[in-house]
Each structure stands twice: as C-alpha cells, then as structure tokens.
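Chains as they are written, first to last, in the numbering used here: chain A, 4 to 117; chain B, -4 to 108.
The hints are simulated quantities; they were obtained by calculation from the structure and are not laboratory data.
Check the hints yourself; a few may be wrong.
Said to hold, decoys possible - Listed next, the in silico DSS-like pairs over lysine-lysine satisfying Cα-Cα at most 25 Å (straight line): (1) B:K72 x B:K10; (2) A:K110 x B:K40; (3) A:K85 x A:K65; (4) A:K65 x A:K16; (5) B:K50 x B:K40; (6) B:K40 x A:K6.
Said to hold, decoys possible - Non-contacting residues of chain A with respect to chain B, defined by C-beta distances greater than 10 Å in every case (computed): (7) D29; (8) Y67; (9) K85; (10) Q88.
It should be emphasised that the depicted structure is a prediction, and the values quoted were computed from it without experimental measurement.
From the three backbone atoms N, C-alpha and C, an ideal C-beta is built for every residue, glycine too.
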Amino acid sequence: DMKVTQMPRYLIKRMGENVLLECGQDMSHETMYWYRQDPGLGLQLIYISYDVDSNSEGDIPKGYRVSRKKREHFSLILDSAKTNQTSVYFCASSFSGTSNTEVFFGKGTRLTVV
Amino acid sequence: GDSVTQTEGLVTLTKGLPVMLNCTYQTTYSPFLFWYVQHLNEAPKLLLKSSTDNKRTEHQGFYATLHKSSSSFHLQKSSVQLSDSALYFCALSPNNYAQGLTFGLGTRVSVFP
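Can you make the complete structure from the sequences, with help from the hints?
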C-alpha cells in the first residue's frame, strides 16, 4: 500500500517551544518535500530532499530545518516556534525529482502555535 | 520565477452542470502541468497531468488540454457530482531537475443538490 504517513496529525505548541514533525513513506522514493498550506496562499514549498543528507531550501525555508537520515523518513523541525508558523504542514514524496513524476502527499499535520 | 494563477477562489454550482476551472502559468522552461484535488481533511491527490501541447488528457470524468501558446491548462468536467466538492490545485513543474511543484492558490468547488 503506497502511502505517506505524517505524525502527529494535530499539534498545539506554545510560542518558543521546539516542534518536530515526522514523515514516512513506504515507496522507497528518493525525493521528499515539506509544504505548508495556508488559506489564500495555497501550498508553499519549505524544503526538498533528494536523498539521505541531501536537502535543499524551497521557497520559504526561514524558521525551519529538516533532517533526512533514512530514505523513508523526513523530519521538519521548528526551533522556537512562532505564532505565524501556525499552519497545515504536508509531507510529500516522489520517485525522482524529475518533472513528470507524480508527487504523493500525506494527510497533513495541523500545527497551532499559541 | 515560475508562477501559477487560478482566477477563481470559489465556484459554487448545482449537480449536473458543467464546470471549468482556469489555470494559467508562467515559466521559462518547458513545463509539466498538473491538477491536484484535495477533499476535506484529506491529502492532495493527482487528478491529471500533461506536458504535451494541444493534447487532451482525461481522468475520472475530468479533462484538460495544455495550450502552450496561451500558457493555459484549464480543468473541465461536463457534469459535476456532489462528490466533486473539493479544493482543486493547478501545479507546475518546470522541465529541469527537482525544483518541486509550484502551486496555484487553489479553487474551492462546492456542488449543491
């Protein structure tokens, strides 16, 4: 069963706390992504990972970092969360980073920073 | 940089009517265009994709044609169903390595009985 799994699905954190969002995929995909989705802003790319320890900034990387130590796992870390990081975060993966590859998404993590 | 424009934020219509969602794009590369659909509290899922100019692509009753001359990839369906109520994203992948998808802002479709 091909899927991208995100944990947790819902998370409430206080401003200044550290946040760890975890993502796994069972398709042996090389490329993984983190997006955030905000009303009126669509899906914005935070980071892209081409393979283990091969990560690249997306369009909005400020305030985030990532870790990929195994091909099937990709973590998003918020050091000292801010209220403007309240959002829905989507992890995604694809077989390769080439143009025509379908990107598979997880169900998202709804993060609220209070 | 690359960009995708979806002009309608919300489309409401009655079951059985046709729908067209607009999508235009800008890129300096030869693009792949995608339509993703996201039902409430679900993951976005691929609906259609194309890189071939002037060729209609279809899936699950939806269809779209990439027109490079007008930089457009509009999504259409002849007769919408209640289950088509969802958020629809047009997305662009430039024809180079691993930039990630660039999404439009999305169009929410609400179908009423």
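25 Å Cα cutoff - pair K40 of chain B, K6 of chain A: holds (11 Å)
Verify the proposed pairing of K50 of chain B with K40 of chain B, using a straight-line Cα cut of 25 Å. holds (22 Å)
Does the alpha-carbon distance linking K110 of chain A and K40 of chain B stay inside the 25 Å limit? Satisfied, since the Cα-Cα distance of roughly 10 Å is no more than 25 Å.
Verify that the Cβ of Y67 of chain A lies farther than 10 Å from every Cβ atom of chain B, and report whether the claim holds or is violated. holds (14 Å)
Distance restraint between K72 of chain B and K10 of chain B, which requires alpha-carbon spacing of 25 Å or less: Distance of about 11 Å is within 25 Å: holds.
Regarding the assertion that Q88 of chain A does not contact chain B, is the least Cβ-Cβ distance greater than 10 Å? holds (19 Å)
If I take the minimum Cβ distance from K85 of chain A to any residue of chain B, is it greater than 10 Å? Answer for K85 of chain A: holds, closest chain B Cβ roughly 23 Å.
Please verify whether K85 of chain A and K65 of chain A have alpha carbons no more than 25 Å apart. Holds, at roughly 11 Å.
Going by Cβ atoms, does D29 of chain A stay more than 10 Å from chain B at every point? Correct as stated: the minimum Cβ-Cβ distance to chain B is 14 Å, above 10 Å.
Compare the distance between the alpha carbons of K65 of chain A and K16 of chain A with 25 Å, and conclude whether the hinted pair is satisfied. holds (19 Å)
Of the numbered hints listed earlier, not one is contradicted by the structure.
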